[in-house]
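For reference, the chains in residue letters:
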Amino acid sequence: MNGMTGLVQVVERHDGTVPVCELKGELDASNVEHVLERLTSCVGNEAPGLALDLAATSYLDSAGVRILFELARRLRARRQELRIAVPNSGIVRRVLVLTALGDIVPLDDNVDASIAALRARV
Amino acid sequence: MPAFRTEAKWEHFWRMSRPDEPGGGRGVGEGVESLADDAPVLLGLIGRAGELRWCNRQWMEFTGASLRDLSDSGWLQYLNEDDRDRLLDALVGGASFEIDLRVLRHDQRWRWMAVLGAPRPDRTFVVSAVDVTSTREGQRALQLLAAVGDELNASLESDEILHGVAQLLVGELTDMCTIAIRNAEGRLHRVAVVHRDEAHEEELEDLLSGPVDLDDGSALAQSVRTGAFLYRPIVDAPGPDEPFPMPSEAGGLAAPRSLICAPLRARDDVFGAIALVSWSRRFTPDDVDLVHAIAQRCSIAVDNAALYQRSEEALARLSLVASLGEQLAQTFDRQEMVETLVRRVIPLFADAATLAIVDEEEQQLRRLAVAHVDPSVEADFRATIFSEPMQLTAREPPARAVRTRKPVLLESYPARRSRSRNRTGNEPTAALAATSVLAVPLFARDRVFAVLTFVFAGSGRQYSSADIPLALDIARRGALALERARAFDQERQIAETLQHSMLPDALPDVTGITLCARYLPGGAIDVGGDWYDVIPLPGARFGLAIGDVAGHGVRAAAVMGQLRHALRAFASDGNDPVTVLARLNRFVFEQGPLDMATLCYGVLDPMRGRIEIAVAGHVPPLLVQPGRAAVFVEARSAPPIGADVSSRYSSAVVDLEPGATLVFFTDGLVERRGETLDAGLERLIDATRYAPPLLDAACDRLLDRLVGDKHPDDDVALLGVRYVGTARRHLRMRRPARADELAPVRRVLAAWLETAGVEPEDIGSIAVAVSEAATNAIEHAYGPAEGWFEVEADVEEGPVVTVAVRDGGRWRPKARGGGGRGLTLIARLVDDFELRRQAGGTEIWMRRGPRGKNLNI
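Those sequence lines, one after another, are chains A and B.
Residue numbering for the first sequence follows the numbering used here, starting at 1 and increasing by one per position.
Residue numbering for the second sequence follows the numbering used here, starting at 123 and increasing by one per position.
Any given hint could be a false lead.
What the hints assert, rightly or not - A few chain A residues that don't get close to chain B, going by computed Cβ distances all over 12 Å:
1. Asp28
2. Arg66
3. Asp109
4. Asp112
To be verified - Restraint ranges, calculated between C-beta atoms of paired labels, are given here:
5. A:Arg79 <-> B:Gly909: 53 to 61 Å
6. A:Ala56 <-> B:Ser581: 52 to 60 Å
7. B:Gly909 <-> A:Ala56: 45 to 53 Å
8. B:Pro658 <-> A:Arg73: 36 to 44 Å
9. A:Ala55 <-> B:Glu482: 51 to 59 Å
10. B:Pro497 <-> A:Glu70: 58 to 66 Å
11. A:Ala56 <-> B:Gln612: 41 to 49 Å
12. B:Glu482 <-> A:Asn110: 53 to 61 Å
Hints are computed from structural coordinates only; laboratory data are not their basis.
Cβ atoms here follow ideal geometry from the backbone N, Cα and C, with glycine treated the same way.
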């Protein structure tokens, strides 16, 4: 399933015990609710957390940031960790930093680093 | 029970011989003694302590000893040490017994005896013994032979077989076993050395490497040289019988030992020998028979293995030639071909190979490829001699093959009549460590253009005249492939040059549209024939064309050039697409029989956002509109240009929304072997999803997804046209206040900023800021009833971008707490920012110059 406009796609996989979600395309007010539910459902109770890969995300604004805060809050309540992999340069990284999401959620340069960090938690 | 029956039998015997003394206790009576002396068994009377009190004549004759020698404990000396205790234990036990043990016969040979003992009431034993050696040895020999047979059948590798046999013999017959066979050059090599004591294995391993000197005086060498079977029951002089750097604790070379050496022969040819040495026992004539039989079987098995190997090799060589042709056909790259050629013949047909081409001007050979089984030799060769040209006058085999136009065979290299005065380390063939060389010329149109040199080095193999046909066959296949590559290179170069000279250098700068073109030349054979064009037309309109000439190569590229120029001529009059296609078709037929071409031609009016499209056997362009599923333009299909002189064409008109993109392409983009065209078109639609906002990046993404890193089989041409929908300096959009309008607005804005020369970095920031403002309008400004929002943007020198986002409602903070974050983000992404509440609604105004702030993050 993706957003009705074909704007965003959530690709889910597992790296060992670590669930990994890749967000492809654009995340905005038209699809954030759907994406939030989708991401939440990817994380089972036994998982150490979620590695969210934004390398292929071409657009993300405050609507997206809001659901990432919410996702981090939900996972934390279950003693799970959200880690976000986002390339070091580009508008998405800039938005995450400007909105201080980076202060709450660890940002990694690539998804392998996120996965490794989550694995170390187990 | 046999023991009981035996006992009863003896009791009866004694009773008969001593009727007056039923229990018997002293000697044996006279009459009975003579009877006992004649009995065909060894008989004796032995006390509990193991002392012999009496024995019959048979016993004495068997051992060759007198009664005095044997009496008391003397008889025990004739028992094998390993068996003695078993017998003494049985005597002490006091019950009747039946034991097999070894007794030393008068001829110094150990014989296996079945010994029966029956106790008498006075606790002495009547003992009888029968020689069962022949039965027993026969059995053992049969078992051993069967085991050897199993070993021989277990493998077709002669070394493996012989090692297994040697291990078996050491387990059963001897302390040490060595097997040596001749290699292809006739040198004798040990292939198996096994010792009962594994501690010596390692020092014996060394023996495996070097050859055996046939004149070293060892039994092994002697046996191979003369074909004689050697049997030495006892050797106690020091000497190199075989091979024995004997462990010192065993007494070294001088230790007494027993030796058997049997030649291995097949079809009257002695090709090896088996040597057995024992320090712990003396070999018997029976052992000799056994080793003889085993050697015979080994000979047959090894000979079979060799025959099998030869037939396997013949098969492998055949398949080498077959697969070589196939492999060479897979590439058009000359270097790849010659590398394949020299690599593939190793190790089956050569230990090393080189390929060099003839430079007729310089009268030299230049090497293109070398391969050697030993990578370090290969590396040395590459580093030193590889790039040195060889004069055609040289005496080396490759140069001679070129001069004589015939194969040059040196069975043994360097030749025996060595020209050592000229020999230096720099000679190429010597540098490959060659022991045998075969060089064959490669012909193209009756000229020798290259030479392939096969070399044996290290493996001991030698070329013979029997190898020449295969070498020539390999050379012929290589020559054909290289000639094909050369012709292909030439044509491809011309086609590519033609092709590039005919594609537009740069796309025109068109107000209101963004253009992007990509062309990838096809892989192996398929270069040429695809083209695209953008033609300025009267009335500020543009002609857009993409086409594909049937066929490939120089001819297709040339036809493409003609068609392109004809199309330009017909189009630039401002004709509609249907007229242009019809004229072009007629033109092709007027020219005489020309190749067919598929073509899609459209006339775009950027002012009205309208395009009219006609197709001739070509897939129509894909229309991608923001927020909608991509569709192919519905233009009715007609035959390709040049297919039918009476073809009729029709056109479709599409009204473009701002931000709409048309993707024109040739079938190389979507066609894949073994797949329907529909599947390819589906993939194209898929690939346009989640495309980046900027057209350039979107085109790259399309190619990346559909073609990837691999060289496309066919040409790929792609022409992307995005309708921006407004004059260059000013953009204004009014959209329904719905979240699904955000993405289309961003697309249009991004495309417009791109044409206005704004840097991607700045476009990203502006797009987020504008989208945030629009989100605010959608989420805050209206109640349940639907409203609208408007984006108005201007670009000034710099470029400095100002954008105003307006709505028609009243600003109401929304229940959810995201709004504040949105405004914060806008403030940080642009240089200036203002929230203006007015009677008619709210306006968010912003401005950003190049490389706006916060770029350090």
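These are the hints, each one checked on the structure:
1. Asp28: Not fine: 5 Å to the nearest Cβ puts aspartate 28 (chain A) too close to chain B.
2. Arg66: 4 Å, violated
3. Asp109: Consistent with the label, aspartate 109 (chain A) stays out of reach of chain B, its closest Cβ about 15 Å off (over 12 Å).
4. Asp112: 21 Å, holds
5. A:Arg79 <-> B:Gly909: 53 to 61 Å: 44 Å, violated
6. A:Ala56 <-> B:Ser581: 52 to 60 Å: With a Cβ separation near 54 Å, alanine 56 (chain A) and serine 581 (chain B) satisfy 52 to 60 Å, so the hint holds.
7. B:Gly909 <-> A:Ala56: 45 to 53 Å: 34 Å, violated
8. B:Pro658 <-> A:Arg73: 36 to 44 Å: Violated, since proline 658 (chain B) and arginine 73 (chain A) (Cβ atoms, about 58 Å apart) do not stay within the stated range.
9. A:Ala55 <-> B:Glu482: 51 to 59 Å: Holds, since alanine 55 (chain A) and glutamate 482 (chain B) (Cβ atoms, about 56 Å apart) stay within the stated range.
10. B:Pro497 <-> A:Glu70: 58 to 66 Å: Roughly 60 Å apart at Cβ, these two residues keep to the hinted range, so it holds.
11. A:Ala56 <-> B:Gln612: 41 to 49 Å: Once the Cβ atoms are compared, 43 Å apart, the range 41 to 49 Å for glutamine 612 (chain B) and alanine 56 (chain A) holds.
12. B:Glu482 <-> A:Asn110: 53 to 61 Å: At roughly 56 Å between Cβ atoms, asparagine 110 (chain A) and glutamate 482 (chain B) fall inside 53 to 61 Å, so the hint holds.
Violated hints for the displayed structure, listed by number in ascending order: 1, 2, 5, 7, 8.
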